[in-house]
Amino acid sequence: AQTVTQSQPEMSVQEAETVTLSCTYDTSESDYYLFWYKQPPSRQMILVIRQEAYKQQNATENRFSVNFQKAAKSFSLKISDSQLGDAAMYFCAYRSARYGGATNKLIFGTGTLLAVQP
Amino acid sequence: GAVVSQHPSRVICKSGTSVKIECRSLDFQATTMFWYRQFPKKSLMLMATSNEGSKATYEQGVEKDKFLINHASLTLSTLTVTSAHPEDSSFYICSARSIESRETQYFGPGTRLLVL
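Note that the protein sequences, when read in sequence, are chains A and B.
For the first sequence, my numbering gives the first residue as 493, with consecutive numbering after it.
For the second sequence, my numbering gives the first residue as 1097, with consecutive numbering after it.
Note that these hints are calculated values from the structure, not bench results.
Just so you know, even glycine gets a beta-carbon here, dropped at the ideal spot from N, CA and C.
Check each hint, because a few of them may be wrong.
[Said to hold, decoys possible] Have a look at the derived ranges for each label pair, beta carbon to beta carbon:
hint, chain 1, residue 1, chain 2, residue 2, range
1, B, Glu1199, A, Thr495, 18 to 24 Å
2, A, Leu605, B, Lys1151, 35 to 41 Å
3, A, Gln575, B, Lys1110, 39 to 45 Å
4, A, Pro610, B, Pro1136, 22 to 28 Å
5, A, Ser566, B, Asn1147, 31 to 37 Å
6, A, Ala493, B, Glu1159, 19 to 25 Å
7, B, Glu1183, A, Lys547, 40 to 46 Å
8, A, Arg535, B, Ala1168, 24 to 30 Å
9, A, Lys547, B, Lys1110, 47 to 53 Å
Just need the whole structure built from these sequences, with the hints factored in.
This is the structure we're talking about:
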């Protein structure tokens, strides 16, 4: 069974600085998707970034980028120029690329609570 | 972007009553919708997966007779908490996956349920 591990329960960053959130996963599959979701105090889950495992190029969305290391099964999120609005719980998630049955599910990590200091 | 709504956003009910929560995909058709439960400062726990026109698939340990799920159309799924008890108090979140973009789930804003 696939698992997702976020080893940093809490992180803190100064405004305008850069922070990296860690995520590792375990799977025997070769084709899958990885996601970072943000959950601010409003508790609305927001998709931050998505990575397809078959793509070697790391995904980037404005100030957010990932470091995807497929062999190491690592998927870290880098937030550049941190803003106060980035303060939230961040969840790493895995989904199989196969469709049907249990493979439909998103498998979440336990989350990292990011605080942004002014 | 894909928008998912939930109604109500907050509900307080008496123990023993039933509560229905609606999840709608507003600008896309969702073949599959998911229902999660989240405890404070915890990750999301998947309760069930519903596919339009068929019975929901429940996760192990989730009582299907207590948490009734209906996915009658490509834009609407409902979760009914039957005979609610205080331990059912929680934050319930739905998500939907579109026909076009099947690898990504879009989440609703959640419903906070308090059972007195």
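> Out of the numbered hints, which ones does the structure contradict?
Replying inline: Those not satisfied: there are none.
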